[in-house]
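The opening residue of the sequence shown carries number 1 in my numbering; numbering runs sequentially from there.
For the record, the hints were derived by calculation from the structure and aren't laboratory data.
Treat the hints with care, since some could be wrong.
To be verified - Capping the alpha-carbon separation at 20 Å, the derived lysine to aspartate or glutamate pairs in EDC-like fashion look like this:
hint, residue 1, residue 2
1, LYS542, GLU553
2, LYS477, ASP556
3, LYS545, GLU523
4, LYS269, ASP330
5, LYS162, GLU306
6, LYS477, ASP560
7, LYS528, ASP560
8, LYS528, GLU490
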Amino acid sequence: MDFEKFLSNRKAMWVLLILYSSFIFFINIHSDGLYSAQEGRAAIIARNMIQSGNYGKIEIKGEPENEKPIFCYWLYAISGKVFGVNEFSVRLPSVLAALVSIVCAAWLGMRIYNPLSGYISGYVLATMFGFVNLGRIARIDIVLCAFYAFAMVLLYEGYFRKRQANALLYLFYIVISISIAVKGPVTVFLAGLTVLILIIMEWDFRKSFQMLWQLKPISGIIIGLVICVPWLIFECCRSNENFFAEFFWVQNLDRFLGIQTTFCEGRRKSFFYYFPKLFGMALPWSLLVFPLLWQYRRSWRNLRHETWFLLIWVLAIFGFFSLSFIKRGDYILPLFPALAVLIGRYIAIELRKSHQISRHWIKVWIGISILTVAAWIAIIFGWLTQLAAMIIDGRVPHLAARDGMVFRDYLEIFSDSPWLTLFFAVITLGVLFMLGHLLHKGSSHGAFVFFMAFLMMLFGFYYLCLDPISNRTRSTKDFCLRIQPLLPSEAIIGYIGSWVDEAVFFVNRDYERCRLQDIYDSETRQFKFKFIIADSDYYHKKMLKLDGIDKLEKLDSTDDAHHYPLTLLRRKE
1 MDFEKFLSNR KAMWVLLILY SSFIFFINIH SDGLYSAQEG RAAIIARNMI
51 QSGNYGKIEI KGEPENEKPI FCYWLYAISG KVFGVNEFSV RLPSVLAALV
101 SIVCAAWLGM RIYNPLSGYI SGYVLATMFG FVNLGRIARI DIVLCAFYAF
151 AMVLLYEGYF RKRQANALLY LFYIVISISI AVKGPVTVFL AGLTVLILII
201 MEWDFRKSFQ MLWQLKPISG IIIGLVICVP WLIFECCRSN ENFFAEFFWV
251 QNLDRFLGIQ TTFCEGRRKS FFYYFPKLFG MALPWSLLVF PLLWQYRRSW
301 RNLRHETWFL LIWVLAIFGF FSLSFIKRGD YILPLFPALA VLIGRYIAIE
351 LRKSHQISRH WIKVWIGISI LTVAAWIAII FGWLTQLAAM IIDGRVPHLA
401 ARDGMVFRDY LEIFSDSPWL TLFFAVITLG VLFMLGHLLH KGSSHGAFVF
451 FMAFLMMLFG FYYLCLDPIS NRTRSTKDFC LRIQPLLPSE AIIGYIGSWV
501 DEAVFFVNRD YERCRLQDIY DSETRQFKFK FIIADSDYYH KKMLKLDGID
551 KLEKLDSTDD AHHYPLTLLR RKE
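Model the full assembly from the supplied sequences, consistent with the hints where possible.
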């Protein structure tokens, strides 16, 4: 294949990138239930907006009204109005946001470097494991990522490309101001921090001041006020709570500072939390970060200012959230487009060199094969189950209990089908062998195309076959649909224990979020609700000890190994 000739067809390359990305992000997003708190919350609010016709109110019992701005919920409601409120409609805004981010990464790579770097950057972002995972579920942070990526493209085109302001700079201020309505002022701070560092790096006060003035900060402030003040007035008017106190202090400042926060049980996560987190989320391409940094070890003083633009974009976000009291993987999503461009540029350089790797690659492949066989044996004999239990118990840093549960689920899948697992392991080793063979022959372009085809098949297999099996213990949809016929349409359900938004959505009955005293009268030993859906752990540890527990009958429950175990109880007549 004449790679250069193929690249010259810009329209075909863009269509191919979008089709490739769409396959990965759209495949099977319509099924298997909602298994994230944000997804359940999005679905409930969207349904309430559509049913009431009031699109100016976030209505969800038992949760803070001002946890997030209303903008993204409008997107969920619009999607729900068109497609019905379901898995597809609540995830569609995230998928479209992921595609926008991919296009922005590809565009930046093309404008800063060349078409090859740009297209590869898009493919890199479209296949980063963590980005794909979060881009396929209803997450506000992926929408924020799209806004931030688009804003930074406009900032680059509006000023940093030629170090001269043009009309696109005003559009940057408009987009970054609108992004405040997505999740708050964090994007403005991150963009400002990036620009400030770039200005300081001029190491010349006169140039720095001139650069600051050319960025038209006064115009930016005016644009921001024109957009944000009406939005703030609207948010304050629609809310029954103190919007400023709840949203700006509790949900933003206190999450960063950790002064009074109750999130994460009031414990600050390690400063180094994001180092392994980012590495895992950016796989498989994070493996190239080390040679990329090695390449920069001598040339960092002579890097183009455009490359510094990308590096500071990544480092500003990474450093800011590393200092935050509350840390979550989706917080750092806005750095992924810039990271993808840096990695894409490195790959493009290596592709043009067409290096032949040493024959010693076979030794590396043999080592990987030995480790694969050892892992297969460990899975078959259950030796890794203890590691999963340690993660669930919180004894492994940087990993949450849910990560351990997912790990345990896949261990069970693999151990139940040992020979099928071995078959897929052999296929993977065969792919790695083929990659090594192509690179040894100097066919780097062929190796890249082969690897991208393998990744597409890998994502397809995972989301069509493995993910649905795992979702049986992550989603409460099957349980909720199973108990719906047992619940009269006029029933009011009392929910107690861990809060599961998804259950509220799929049960689709009026409800109250309760504490123990709200559902049980200790003096009369009577239960106040005819139907109760309890967190199964709470039911076994606390409710079974109540004197009047014999007045309840258990109608149904999820599997004991479910990530969100629930039990349906009914008061005996």
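Do the hints match the structure? See the list:
1. LYS542 x GLU553: Judged against 20 Å, a Cα distance of about 16 Å means the pair holds.
2. LYS477 x ASP556: Given that 20 Å is the threshold and the Cα spacing comes to 14 Å, the pair holds.
3. LYS545 x GLU523: 15 Å, holds
4. LYS269 x ASP330: 15 Å, holds
5. LYS162 x GLU306: Roughly 10 Å separates the two Cα atoms, so the pair holds.
6. LYS477 x ASP560: Holds. LYS477 to ASP560 sits at ~16 Å (cutoff 20 Å).
7. LYS528 x ASP560: Given that 20 Å is the threshold and the Cα spacing comes to 27 Å, the pair is violated.
8. LYS528 x GLU490: 16 Å, holds
In summary, the structure is inconsistent with hint 7 from the numbered list given earlier, while agreeing with all the others.
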